[in-house]
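K.L.:
Using the supplied hints, reconstruct the complex from the two chains, each of which is provided in its own coordinate frame.
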Amino acid sequence: DVKVTQSSRYLVKRTGEKVFLECVQDMDHENMFWYRQDPGLGLRLIYFSYDVKMKEKGDIPEGYSVSREKKERFSLILESASTNQTSMYLCASSYQGPRGYGYTFGSGTRLTVV
Amino acid sequence: DQQVKQNSPSLSVQEGRISILNCDYTNSMFDYFLWYKKYPAEGPTFLISISSIKDKNEDGRFTVFLNKSAKHLSLHIVPSQPGDSAVYFCAAASGGYQKVTFGTGTKLQVIP
Chain V
29 DVKVTQSSRY LVKRTGEKVF LECVQDMDHE NMFWYRQDPG LGLRLIYFSY DVKMKEKGDI
89 PEGYSVSREK KERFSLILES ASTNQTSMYL CASSYQGPRG YGYTFGSGTR LTVV
Chain U
6 DQQVKQNSPS LSVQEGRISI LNCDYTNSMF DYFLWYKKYP AEGPTFLISI SSIKDKNEDG
66 RFTVFLNKSA KHLSLHIVPS QPGDSAVYFC AAASGGYQKV TFGTGTKLQV IP
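Sequence lines, in order, name chains V and U.
Going from the first sequence to our numbering is simple: count from 1 and add 28.
Going from the second sequence to our numbering is simple: count from 1 and add 5.
Isolated chain U, as found in the complex (with noise of 0.2 Å):
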């Protein structure tokens, strides 16, 4: 049972476009979502979060949106510079232990 699912396994865009990938979960009790971006041969790495009680947190060119009534998030990547290229895993956690529950991840690929 995947309770969180990232629908797209790929994705291309344009150097300088935004990039937006997409997450839904299923899970009611999850309050705390984070991305990852893995390169290959890398641990992930994390990139951002956001709490329940929020719907927007900005990072730089990275800002995530979280709509809980539609149990979707997504991450947008303004502007897309190559070096974004990388698999992005969506997570969600909830409790006390940061035991936290990843996505199958969406293979970004900026083209120059």
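The shape of chain V in the complex, shown without the other chains (with noise of 0.2 Å):
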């Protein structure tokens, strides 16, 4: 089974602080996804990557950025971290095969910023 691993299950970090979320899969995907959620808001896209070095915006990527230098993993970054950041963020990989595969979830970061 695919593994996707993110390093901290919970956080807590003070207004403008830099603040690194890391995960990492073992499946050798090139897709990685990162999402926050939200109560009301469900799961929305902040960026993805579709291979090394790669990265596109997703649907709110303001206050964001992301680091992916090895395939495996893929690392969201809160450059000044703001209250408004506080969430739970889920990191996600799939690969670029047959359309009948859906994404592996990491178990989520819950991040609070005080």
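Take the hints with a grain of salt, since some may be wrong.
What the hints assert, rightly or not - When the alpha-carbon atoms are kept at most 16 Å apart in a straight line, the in silico EDC-like pairs for lysine to aspartate or glutamate are as follows: (1) U:Lys73 to U:Asp36; (2) U:Lys104 to V:Asp79; (3) V:Lys31 to V:Glu50; (4) U:Lys104 to V:Asp87; (5) U:Lys104 to V:Glu84; (6) V:Lys31 to V:Glu100; (7) V:Lys46 to V:Glu90; (8) U:Lys10 to U:Asp29; (9) V:Lys99 to V:Asp79; (10) V:Lys99 to V:Asp54; (11) U:Lys76 to U:Asp36; (12) U:Lys42 to U:Asp64; (13) U:Lys61 to U:Asp36; (14) V:Lys81 to V:Asp56; (15) U:Lys10 to V:Asp66; (16) U:Lys112 to U:Glu47; (17) V:Lys99 to V:Glu50; (18) V:Lys83 to V:Glu58; (19) V:Lys31 to U:Glu47; (20) U:Lys112 to V:Asp66; (21) U:Lys104 to V:Glu58.
Think of the hints as simulated: they come from the structure by calculation, not from any bench.
P.N.:
Here you go:
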């Protein structure tokens, strides 16, 4: 089974801090994604990447950046954390194969910005 | 602009009965649809999908129906079990990168 691992389950950071959320997948998937989940808003795409060093903005990229230096690792960076970035962050991966396959998600990182 | 909508935030069903979760979409370019299930403190897990060339896909107790003309899909769970209690997300995709747009989720509670 594909495993997607997010480095932290819970994080508490201060306003203005630079925050790194790490995600690693172990099945050589080309595509990786960062979502945030908020009550009443569902899952919203922040950034995605379809190859090493490639990145594309999702629906809500403001205040975030990403890094993909290796195929298995996709990092989400909050340049200067703000309280409105308090959320559940979910990383996912998928392969560029036949259209019959969904995402595999990590367990999520609950980030609180105080 | 919410392109994938789940208008029912919650649903309660008796064990053994049918659960029907609904989803509407607005983007005509979507050609692939998925359902995910999420338990608290876990990431969503893929449940079932359907291509726009089909109108029904079945996997055990789970069936997804697609009505393209109405831009509507639904997930049927028969019979419902207490372990099905979770948040269900509808999702839709188009294009080549498998970028997926998710709905807001419906919390299903199956009452024993």
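K.L.:
Could you work out which of the previously given hints the structure breaks and list their numbers from low to high?
P.N.:
Those not satisfied: there are none.
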